[in-house]
Amino acid sequence: MSNKTITIAEDYSDTPAGRYKTDGSFSGERFRDELLYPALQQNDHVDINLDGALGYGSSFLEEAFGGLIREKGMRLDEIRKKLNIISSRILYKNRIWQYLEDAELEKYN
Amino acid sequence: MKKLTQKRHSYNKKQRIVEYFKSQRLASIIKRRKKTRKKRINKYDLHLALIKKTIIAPENFGLTNEEDRDQLLLFLKKIDHCLKSGHKVNISFERTKSLMPCGTLWATTKLENLINQYPNQITSNYPSDNIVEQLFQHIGLLEKLGKRHRKKEINAENVKHWHYVSGLSTDDVKLFKNLLQSISLEEDTRSGLFDSMSEAVTNTIQHAYPTTSIKEWRMFAQVKDNRLTVAICDQGVGIPGSLRKKPELKEWFASPIHHAQKRYDTFLIKTAVESSRTQTKLPYRGKGLRDMLDLVKNGTVGGFLVLSAKGAFNYNAVSSIQTSLDYKTSINGTIIEWQISLGTDHEQ
Numbered sequence: 001m002s003n004k005t006i007t008i009a010e011d012y013s014d015t016p017a018g019r020y021k022t023d024g025s026f027s028g029e030r031f032r033d034e035l036l037y038p039a040l041q042q043n044d045h046v047d048i049n050l051d052g053a054l055g056y057g058s059s060f061l062e063e064a065f066g067g068l069i070r071e072k073g074m075r076l077d078e079i080r081k082k083l084n085i086i087s088s089r090i091l092y093k094n095r096i097w098q099y100l101e102d103a104e105l106e107k108y109n
Numbered sequence: 001m002k003k004l005t006q007k008r009h010s011y012n013k014k015q016r017i018v019e020y021f022k023s024q025r026l027a028s029i030i031k032r033r034k035k036t037r038k039k040r041i042n043k044y045d046l047h048l049a050l051i052k053k054t055i056i057a058p059e060n061f062g063l064t065n066e067e068d069r070d071q072l073l074l075f076l077k078k079i080d081h082c083l084k085s086g087h088k089v090n091i092s093f094e095r096t097k098s099l100m101p102c103g104t105l106w107a108t109t110k111l112e113n114l115i116n117q118y119p120n121q122i123t124s125n126y127p128s129d130n131i132v133e134q135l136f137q138h139i140g141l142l143e144k145l146g147k148r149h150r151k152k153e154i155n156a157e158n159v160k161h162w163h164y165v166s167g168l169s170t171d172d173v174k175l176f177k178n179l180l181q182s183i184s185l186e187e188d189t190r191s192g193l194f195d196s197m198s199e200a201v202t203n204t205i206q207h208a209y210p211t212t213s214i215k216e217w218r219m220f221a222q223v224k225d226n227r228l229t230v231a232i233c234d235q236g237v238g239i240p241g242s243l244r245k246k247p248e249l250k251e252w253f254a255s256p257i258h259h260a261q262k263r264y265d266t267f268l269i270k271t272a273v274e275s276s277r278t279q280t281k282l283p284y285r286g287k288g289l290r291d292m293l294d295l296v297k298n299g300t301v302g303g304f305l306v307l308s309a310k311g312a313f314n315y316n317a318v319s320s321i322q323t324s325l326d327y328k329t330s331i332n333g334t335i336i337e338w339q340i341s342l343g344t345d346h347e348q
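Chains as they are written, first to last, in my numbering: chain D, 1 to 109; chain B, 1 to 348.
Everything labelled a hint here was simulated from the structure, so no lab data went into it.
Check each hint, because a few of them may be wrong.
Unchecked claim - In silico negatives: residues of chain D with every beta carbon more than 10 angstroms from chain B:
no. : residue
1   : Glu34
2   : Tyr37
3   : Ser59
As the list claims (entries may be wrong) - Not the full set, but computed from the structure, chain B residues with beta-carbon under 7 angstroms of chain D:
no. : residue
4   : Ser169
5   : Asp171
6   : Ser191
7   : Ser198
8   : Gly288
In this text, all values refer to a predicted model and were calculated from it rather than measured experimentally.
Glycine included, each C-beta is placed from N, C-alpha and C at the ideal position.
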């Protein structure tokens, strides 16, 4: 069993922002394509630690996580098994799982 | 081929000569007219360049009060018009006394753009009000207007804590770090405010400038009376302009009620802020404004204000009342403002 932990503030940016790569250098799309999706492909379990960054706009979170289903074709069940969100702000956890559920509904219903 | 008679041949020749001289004469008239007109234009230009128009800035730099808004927008329009007509402009800030974050952000943004567009064409007098002068010095406006800094120290409490930054992409949200870390805020409020501010910048980059490559945003923040006010603006198409063109909203606008209300900017701003995704059928985009409102709704003090084109949406956390208003005059762009209570023992 391989595990991976990504701490966004250290491994990516402490001020992540933007949805698409065209919005800026630390967008949700780039995080998903370069860190999150490869980690989920290569590992059985992935911890994403959100603490330490100044915050996360909804566009960033939606594109990074909702985009796993919409753009990368992953299924919610598969993501549930592999992904664990670590955050002292419960709001972020709730938002991420809501975005994933919405993306699943939008794509497969 | 029919042979031309001698008489006909001579007539044709004569006609060609007449035509030739006619065209020569016409060319000479046109040339002479052009020369005269050019001379006149040059003289006129010189005359205009020598005239420096003095434009008096309004007493209040505000955008929420209808009268203040009209006067501020008229003042900016006058400057723009004079510069376009070839005049130099001198701004008199003698009457200016009150600077509200939204109005000041808007005026500064517009003035700085005009200064860049018409270099060395705009000057100003020093403001007669000490606070106004300190603030214009603090944010660098006086320097851009060619005035040296007279104040050795910015000591006014309500000026020291104004922050002014601008950016061209979401990369520049790192500039919010200094501001947010210099103010004592609860961790949830700090994160929530960054979420909202970065989302406002993302919206600007994605929607405000559909036809231009430069996507500029500006931010003002002020700490006053234990209250943090943050305003972010862009000079793009505005929320109503952007929504009217969204193909995702075609179905939403198709209903008779929404179709009739579509022409009101306020209705469109309210739609963007309040409506759920299931109502509007907007896909995964466009939830940022709602999250921004939720940030303020979670508090008991403060407010959330959106000004875009002619419309305004306002939420007051003290009374939990939200209001919306259509103004007569339009700002060409969007301003989003948050007011957050800092409690009584915050550090600055």
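When the nearest CB of chain D is found for Ser198 of chain B, is that gap smaller than 7 angstroms? For Ser198 of chain B, the interface hint holds, since the closest Cβ of chain D sits about 4 angstroms away, which is under 7 angstroms.
Using 7 angstroms as the Cβ threshold, decide whether Gly288 of chain B counts as touching chain D. Hint holds; Gly288 of chain B Cβ to chain D Cβ min 5 angstroms, cut 7 angstroms.
Just double-check Tyr37 of chain D for me: nearest Cβ-Cβ distance to chain B has to come out over 10 angstroms. Tyr37 of chain D clear of chain B: closest Cβ-Cβ about 17 angstroms, beyond 10 angstroms.
Least C-beta distance between Glu34 of chain D and chain B, which was stated to exceed 10 angstroms: Fine: 16 angstroms to the nearest Cβ keeps Glu34 of chain D off the interface.
Given Asp171 of chain B as an interface hint, is its Cβ closer than 7 angstroms to any Cβ of chain D? Asp171 of chain B check passes; min Cβ-Cβ to chain D is 4 angstroms, inside 7 angstroms.
Tell me if Ser169 of chain B is really an interface residue toward chain D, meaning its C-beta lies closer than 7 angstroms to one of theirs. holds, 4 angstroms
Using Cβ atoms and 10 angstroms as the threshold, tell me whether Ser59 of chain D really stays out of contact range of chain B. Violated, because the least Cβ-Cβ distance between Ser59 of chain D and chain B comes to about 5 angstroms, which does not exceed 10 angstroms.
Holds or violated: is there a CB of chain D closer than 7 angstroms to the CB of Ser191 of chain B? Interface hint status for Ser191 of chain B: holds (4 angstroms vs cutoff 7 angstroms).
Checked against the numbered hints given earlier, this structure breaks only hint 3.
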